[in-house]
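Q: Keeping their order, the protein sequence lines are chains P and X.
Residues 1 to 286 in this note's numbering are what the first sequence spells out, letter by letter.
Residues 1001 to 1215 in this note's numbering are what the second sequence spells out, letter by letter.
What the hints contain is simulated information worked out from the structure, not anything from laboratory work.
Every value quoted in this text rests on a predicted model; they were computed, and no experiment measured them.
For glycine and all other residues, C-beta sits at the position ideal for the given N, C-alpha and C.
Fair warning: there could be bad hints in the mix.
What the hints assert, rightly or not - Coverage of chain X stretches by chain P, computed from C-beta distances (three or more under 8 Å per stretch; other residues unrestricted): (1) 1016-1030; (2) 1061-1073; (3) 1082-1093.
Claimed, not checked - Heads up, simulated SDA-like pairs for lysine to any residue below, C-alpha to C-alpha not over 25 Å straight-line: (4) P/12 - X/1120; (5) P/12 - X/1139; (6) P/12 - X/1209; (7) X/1081 - P/227; (8) X/1081 - P/107; (9) P/12 - X/1125; (10) X/1081 - X/1135; (11) X/1209 - X/1199; (12) P/12 - X/1128; (13) X/1081 - P/186; (14) P/12 - X/1046; (15) P/12 - X/1019; (16) P/12 - X/1117; (17) X/1209 - P/36; (18) X/1081 - P/123; (19) P/12 - X/1199; (20) X/1081 - P/229; (21) X/1081 - P/78; (22) X/1209 - X/1120; (23) P/12 - X/1196; (24) X/1081 - P/35; (25) P/12 - X/1081; (26) X/1081 - P/163; (27) X/1209 - X/1115; (28) X/1209 - X/1125; (29) P/163 - P/186; (30) X/1081 - P/160.
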Amino acid sequence: MSNVLFDVPGPKARLRYRTYAVVGTLAVLAFIGYIGWRFYDSGQFTARKWEWLQYTQVQEDLANAVLQTLQAFAAAAVLALIFGAIFAAGRLSDHAWIRGIAGFVVEFFRAIPALILMFLFYFGLPTVGVPMTPFLGVVFGLTLYNGSVLAEIFRAGIQSLPKGQSEAAYALGMRKTQVMFLVLLPQAIRAMLPTIISQLVVLLKDTALGFIITFQELLYYARYIGSQGTFGRPIVPSTIVATAIYVVMCLLLTALATYLERRNRRSKKVVAGPPTAAEEVVAASA
Amino acid sequence: MDVLLDNLDLFGPFFLTTIELFLLSAVGALVWGTILAMLRVSPVPVFRAVGTAYVTIARNTPLTLVFAFFVFAYPLLDIVKLDYFPAAVTALTVYTSAFICEVVRSGINTVPVGQAEAGRALGLTFAQILGQVVLPQALRSVVPPLISTLIALLKNTTIAAGFSVAEAGAIRSYLSERGENQLIGLLWVALGFIILVAVLSFVQRSLEKRWSVAR
């Protein structure tokens, strides 16, 4: 795709590109080297700062923190998918008042930052007497926000299906609910699976917001370990470890999305590419 | 209503900080994101690899973690001292630019091949083709997703509240100190964001109308 921008390089251009490549590599290496040297100089690479990783207790707690993150992710993902399916169906309802309510709810929660939603649950609800834990705050906040985005994705997916699908289902005598949940939604979910999974990656990353409302997940634990005087306050190493774990988890999910996308492209049953509206929805959730 | 009116001295300046934070990081992310996109389509493989690596890592790291790095870990490195506000702008820029880069790159792909070919036929260099022919058209065609990314950035500014920046996300804790009702206060904050997002959507629609490319 990008090679339309430049010709196949001739001998002169090749030489120039090679010079750029060398200069570029040197610049990047110099930058990384400088950062590395700063790490080294401030003592971040000393064995003492990394020792904490060797303790079984710490390893267990770290695994536990990852588990907390994954639990919040799983709970919020399931709830958000259900929320999304219901409100997508609501927005496509034949009754204007259901469409109106569903549209309002989806637009409302899409415009509010996920963190503010978590605050509303964790700090807001207890003032009117509803007890809340950080875990529930994180899960509900993420559900409402990502559920609304998923609703838009489902809707775009359903609208991308050929009209013949619902017409055929109606011709068979199915009711509206049956058409939606037996014919349209399953196909839409399949067509939009890659998009849905990239939204789930966003959800997984956003569990880290729980750190701010004292939910004891991975980032919270990294910060905790980083402030332990006995280990020499290894905040830089613990941040590096947390980053690595997050990146690996998200890349695994992304790899799943890529795999499904490739498999979809092979199969002829699935409707070709989702409309651009869906891409916009995804960009909005970045 | 009382919660809002009695604490206007909180809501006003804090939302202003949010807008300031948003504008600074938006400019930073647009510039840095476009540079990254240029790296990712450049003829030099090393540049492409650097761009790809940056985008992959930045897109798969939680923003909260980026914040945590710049606020807790970065000061230990003794490079340039960053206050809380500049640290927040840096974190938001570093994170959002990866998304901007992907949007701009998809825009570059929508520009017809003939444009770049015509540029090459005129003897323009790669930098000239990109800067004067392809990018201006690409940026126009990606206005909707670009603004969507900026809306996400606006909402992400609230994370700065967890890292000692006095912006809209932090209004809650100040309200609770004053003994106000947090639920109502938070609903006002939410309304503030809905208004700000509506303003951005309006900008998007008018830009789209004015800049749409006729092909």
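Q: Against each hint, give a clear statement of whether it holds in the structure.
A: Hints and how they fare:
1. 1016-1030: n = 0 at 8 Å, threshold three: violated.
2. 1061-1073: Answer holds; 9 residues pass the 8 Å Cβ test.
3. 1082-1093: violated (count 0)
4. P/12 - X/1120: 16 Å, holds
5. P/12 - X/1139: Violated, at about 31 Å.
6. P/12 - X/1209: 44 Å, violated
7. X/1081 - P/227: Status holds; Cα separation ~20 Å.
8. X/1081 - P/107: 40 Å, violated
9. P/12 - X/1125: Answer holds: residue 12 of chain P to residue 1125 of chain X is near 13 Å, not above 25 Å.
10. X/1081 - X/1135: 35 Å, violated
11. X/1209 - X/1199: 16 Å, holds
12. P/12 - X/1128: Status holds; Cα separation ~18 Å.
13. X/1081 - P/186: Not OK: residue 1081 of chain X and residue 186 of chain P at ~53 Å, beyond 25 Å, violated.
14. P/12 - X/1046: With Cα atoms ~18 Å apart, residue 12 of chain P and residue 1046 of chain X stay inside 25 Å; holds.
15. P/12 - X/1019: 49 Å, violated
16. P/12 - X/1117: 20 Å, holds
17. X/1209 - P/36: 48 Å, violated
18. X/1081 - P/123: 33 Å, violated
19. P/12 - X/1199: Violated, because 51 Å separates the two Cα atoms, which is more than 25 Å.
20. X/1081 - P/229: Measuring from Cα to Cα gives roughly 23 Å; hence the hint holds.
21. X/1081 - P/78: Distance of about 43 Å is beyond 25 Å: violated.
22. X/1209 - X/1120: 30 Å, violated
23. P/12 - X/1196: Between residue 12 of chain P and residue 1196 of chain X the Cα gap is close to 52 Å, so the pair fails against 25 Å, i.e. violated.
24. X/1081 - P/35: This hinted pair holds, its Cα atoms lying about 15 Å apart.
25. P/12 - X/1081: 44 Å, violated
26. X/1081 - P/163: 60 Å, violated
27. X/1209 - X/1115: 22 Å, holds
28. X/1209 - X/1125: Cα-Cα ~31 Å, so violated.
29. P/163 - P/186: 15 Å, holds
30. X/1081 - P/160: With Cα atoms ~51 Å apart, residue 1081 of chain X and residue 160 of chain P exceed 25 Å; violated.
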